[in-house]
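Visitor: In the order they appear, the protein sequences are chains G and Y.
Position one of the first sequence corresponds to residue 466 (the numbering used here), numbered consecutively onward.
Position one of the second sequence corresponds to residue 44 (the numbering used here), numbered consecutively onward.
Honestly, the hints are just simulated from the structure, not real lab data.
All residues carry an ideal CB built from backbone N, CA and C; glycine is no exception.
Among these hints, one or two may not hold up.
Looking from chain Y toward chain G, a few residues come up when the C-beta cut is under 10 Å (computed) [claimed, not checked]: (1) VAL174; (2) ALA213; (3) MET275; (4) ALA279.
Here are the simulated distance ranges between beta carbons [said to hold, decoys possible]: (5) G:GLY536 / Y:GLU220: 45 to 55 Å; (6) Y:ALA192 / G:GLY591: 54 to 64 Å; (7) G:CYS600 / Y:ASN268: 44 to 54 Å; (8) Y:HIS182 / G:SER668: 18 to 28 Å; (9) Y:LEU127 / G:GLY660: 23 to 33 Å; (10) Y:SER154 / G:GLU663: 20 to 30 Å.
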Amino acid sequence: MIITKPRDWARIERNLTEIGARRVFIMGCGQCATVAGTGGEPEVREAARRLEEGGWEVTGWAVGEVTCHSGGTRLESRKHDTEIAGSDAVLVLSCGAGVQTVADAIAKPVFPGLESAFLGNVVRHGVFEERCQMCGDCVLDRTAGICPVTTCPKGLLNGPCGGMWDGMCEVVADRECVHVRIARRLAEQGRGAAGRIEPKDFSAKLKPGSLNLRETRRRGTGDAR
Amino acid sequence: MSRLRDALERGDFVITGEVAPPLGTDLASMRTAVETVGPYCTALNVTDNQGATLHLSSLAASRELLDMGYEPIFQQTCRDRNRLALQSDLLAAWTLGLRNLLVVTGDDPRSGDHPQAKGVFDLDSTQLAGVAAGMNEGHDMLGRDLAGATDFYIGAALFPEAEPWDVQLARAERKVEAGVRFFQTQAIFDLDKLERAVAALEPSGAKVIAGVLVLRSPRVIDFINKRLAGLMVPDAVADRIRSATDPAEEAVRLATEQVRAVREIAHGVHVMPLGLDAEVPRILRDAGLADAE
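The shape of chain G in the complex, shown without the other chains:
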C-alpha cells in the first residue's frame, strides 16, 4: 500500500490563504490513507476541526472508497455536489495519486493534505516498511527474496559496501546489512552466493508509467480494433 504522512499544516494554511479560500471541502481516502491513519474518517474530522479553529468554514467532507480511482471519485464528488459547489477549495487527505484524481474530477483549486512517502509493507498494524520501489526489473530471483535496490540505502546490487561493520548497515545503523542477510538466506537455502549481478535496466522505470489492460487484452485476443 501507499504510505502517506501528515503534511506541514502551516503549508496547507498558506495554500488556502494564498488563493483567498474561506470555505473548504475535505476529501479523504478509504484505502491506503485510512490504513496509514492519515486520511480516514478520524483524520478527516480532525482536519476539519483544525481548519475551523483556524477560521475556515468546512462545507463538508467525504472519504471516497478508493480516491485514486477516477470513476469512484467522480461518483463520490457528485454525491457531495452542493457542499463542493459552496467551497473555494478542496483539501485531499490521500497520496498524490488521489489528489490528482480529485483535481481532475472537481473544477476547484485542490490541495494536497498529506505527503506521499513510499510503497509500504505492513509489517505490523501501524508499522510500515519500504521493501519495493517498483523498479520494473526485479532482482529478487537472485537475492533470495530480499530487495537490495530498496532496502540497501545505496541500492547496491553487489554489496556490501565498505561501510558494513559487524554485519550492520552504515547508513541505517540499527539495521542489519541487507547484503549480509541475502548471503545468509542464500546459504541457508543451499543456493550458493548471489554471484555478480549486472547493472540494472533503469529504463524499465521511466516516468510516467502507464499500462492499458484493455489494449493488451484486445491485442491478446486478436482483436484488430
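Using the hints provided, position chain Y relative to the given structure of chain G.
Guide: Structure of chain Y alone, referenced to chain G:
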C-alpha cells in the same frame, strides 16, 4: 605505463599515499602535501569527493599530480555519477594520462556535507570495475568499439577487518572477476585478519596494499569511530594513543610498527597521515622502507 603496476607485478613492496583535492581552486596546499609524501610513494591516491563532501574533482587533481611528476591513482566513486558520466570520465582520465584507477562505491550523501544530494549509485563499484575492464578491451558497456581503448590498472577497496568475512571475501572475489588487479584496504589494526585476506586472494593474483593510519590524536580516533564508514579503532590501540603524553609521537611510533609488520604480509602499504604528512618520511624510514634524508 603504470609504475604501480610494474612494481607490484615485479614483486616490489609498494608505498602509496593519499591527497585530497581542495575545496576551491587554489592548489597550493595540495601541492605541498604532494611534495611532502610524493617522493616516498610509488603512487598517490587522489580522492573523489571523499566522505561525500565537496572537493575539486579527482580528474583535474590527478592530472595536476602527473604534471608535478608524480603518479596518481585516480579515484572514482559511484555516488556522484551515472553510467554515462562514469564512462565519459574514464575516457577523459585515460586521455589525460591517468593510468591507475581505484573504483569505490562512495559514502552515502547523508553522511557528507550535502545531505540533500541524490545518491546516484547507477552502478556499484564491482560493476564499474567491469566497465573499466571492458574499456581496456576496447569497448564501452554496451559492447560498442571505442575509437581508442584504455589500459587502466584497476583497483578497488577491501575491508579485511569487517565481519562477516565470508561476505566480504565473496565481494572481493566478484571484484577480481570484474577486472580488479589490486586492492587497497581500509586501515589495518588486526594483522591476522590482513593475513587472512592476503592469503584468500593469493590464488586470484590480486595484490593487496594494506592501509595504515596515523592516529595523531584522541580527537581523530573519536572522529574515525563515529564518522568513518567501515572502520573502528580497537580499544587497545585507542588507549595507547589516549594515554600517551605525546599522542602524535605515539601515533608515529604505532604507524611505524604497523608499516614494518605489514611489510611481512601484504604487497604494499597505503599510508594515511591524517594531516601528519611531514611525519611520513620518518615513519617509512624507521620502518626500514625509505632512504629518507
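Visitor: Hint by hint, note whether the structure agrees.
Guide: Here is how each hint holds up against the structure:
1. The beta carbon of VAL174 (chain Y) comes within 8 Å of a beta carbon in chain G, closer than 10 Å, and the hint placing it at the interface holds.
2. For ALA213 (chain Y), the interface hint holds, since its Cβ comes within 10 Å of a Cβ in chain G; the closest pair sits about 5 Å apart.
3. The interface hint given for MET275 (chain Y) is met, as the beta carbon of that residue sits about 7 Å from the closest beta carbon of chain G, less than 10 Å.
4. Interface hint at ALA279 (chain Y): violated, since its Cβ lies 18 Å from the closest Cβ of chain G, which is beyond the 10 Å cut-off.
5. Look at GLY536 (chain G) against GLU220 (chain Y): about 53 Å separates their beta carbons, and that is inside 45 to 55 Å.
6. Evaluation of the 54 to 64 Å hint for ALA192 (chain Y) and GLY591 (chain G) yields a pass: the beta carbon distance comes to about 57 Å.
7. For CYS600 (chain G) and ASN268 (chain Y), the Cβ-Cβ distance of about 35 Å falls outside the hinted range of 44 to 54 Å, so the restraint is violated.
8. The hint said 18 to 28 Å for the Cβ distance between HIS182 (chain Y) and SER668 (chain G), and at roughly 20 Å that hint holds.
9. In this structure the supplied range 23 to 33 Å holds for LEU127 (chain Y) paired with GLY660 (chain G), their Cβ-Cβ distance being about 26 Å.
10. Judged by the Cβ atoms, the range 20 to 30 Å given for SER154 (chain Y) and GLU663 (chain G) holds: they are separated by roughly 28 Å.
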